[in-house]
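Could you build all of it, start to finish, from the sequences and the hints given here?
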Amino acid sequence: MKTATARTIGHAFAAFGGARCELMVCDAPAADVSAAVADVVTFERRLTRFDARSELPRFNAAAGARAPVSALLSELLRVCLDAYLLSDGLVNAACLPALVAAGYDRSITAVRRHPAILRREAARPQVPPLPEVLDVGAGWARVAPGCAVDLGGVGKGWLADRLCERFDNAAVNLGGDVRTRGDGPECRGWTVALCDGRLVTVGDAGIATSGISGRRWPGGHHLIDPRTAAPARTDVTTVSVVAGTALRAEVLAKSACVMGASAVDAWLAARGSLRHALVLDA
Amino acid sequence: MTLTARALKAISSVSAVALCGVSGVLVATDPKPAAAPLRPPVNGASHGTASLVIPPTCGATGFAGSGATATLDPSLLPIAQRLGQATTATERRAILASLTASQRLDIEAYVRALRRSAMSSSGRCEDQGTGSADGGSIAPSVVAAPASTQPLINTYVS
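Protein chains in written order, with my numbering: chain A, 1 to 282; chain B, 1 to 158.
If you're looking for bench data, these hints aren't it; they were derived computationally from the structure.
Computed beta-carbon distance windows for the label pairs:
#1 Ala94(B) x Asp281(A): 44 to 54 Å
#2 Ser141(B) x Asp105(A): 38 to 48 Å
#3 Pro78(B) x Ala14(A): 28 to 38 Å
#4 Ala63(A) x Asp73(B): 18 to 28 Å
Quick partial rundown of chain B residues pointing at chain A, CB under 8 Å, derived from the structure:
#5 Arg112
#6 Val143
#7 Ala144
#8 Val157
Covered, in the sense of this in silico footprint (three residues per stretch, anywhere, with C-beta under 8 Å from a C-beta of chain B), are these stretches of chain A:
#9 33 to 46
#10 168 to 182
#11 192 to 200
All values reported here derive from a predicted model rather than from experimental measurement. Cβ atoms here follow ideal geometry from the backbone N, Cα and C, with glycine treated the same way.
Dropping the structure here:
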């Protein structure tokens, strides 16, 4: 049994619209940790919807046509389709027009500073079932005319998994989407605080927290309920989920928040949640 | 009877043209199978097999592009192949070390897409919450930690 304390490199930085990101890596070269940080920055730069030059807005702008996509965007669009199925449609990347209509039309910092003036009488865009409006082929993808996709937390979860898999003993936290591997710096696992303050110790696992308390602005928040095409009206303020990967935990956490507390226990357990914590609206 | 060299050349030319013409007609009218193999049959199949033989190389190991669900810069394909075959984290890092951040992301996405394709064609599902993203070889473990423990990480709403 290992007892020695591992040499740990920790690095914290902001990404994904100012979200706190952390890498804690044991017994690995600093250059590889730096490379992982660079990958986070590059990932955001390539896929942010707030920069018209990045790949995702250009793909959305080509709605209706088969657009060439990189291997990265192709994979993430497929992941979005998987997330739609796993979540019974509650995590729907096609909610972008509804999200913009709800006021999240600029970076969250800008939205908080100057919230959009929303007209109540304005028509609210419907959120179509993602598989009906998104095709992904070999090197191309197509979103239906009038539709647009946003990767949301799915991209963060996917990336946390990929970065953590490069190390034998590491924890990667990308704005609350956490992936851990190995037995931690002191060979006792990775201790993670969930949204309700409870602590869990995990080995190889994914943990994610979602909720309506983070990215919100006067009159709205960022969790769109695809059934209503509006910010979810839910009794769950925050939910943390522990699952096999950060991606799965992210999809389950977001779904649980949109779904509400009453049906969440059985639903999560049937989809691979190992543990979850809820903070309810007081 | 003697023929001049010029006459011999003319007869030879006419004969060659006639021979080619007859051969062309014979080839054109020869019955052909409706579906011919695109590639020579493999695994010792006889040449007389009429059915299409698909080499068992696409999908699971198709790093050359066939069966892949995404495309990648051809110069990166050998690296993607090595990454797909790497079994340890150290190997993965060594393979990725010489690349740019963008290339690393694309290659990892490409390898991931291939793995997904291979798993779906074999009827297996990944990321079911009972294993690691590497394919389920490591079971996730989670236990409640004592309240006195200092957390290393907080998961939170961003």
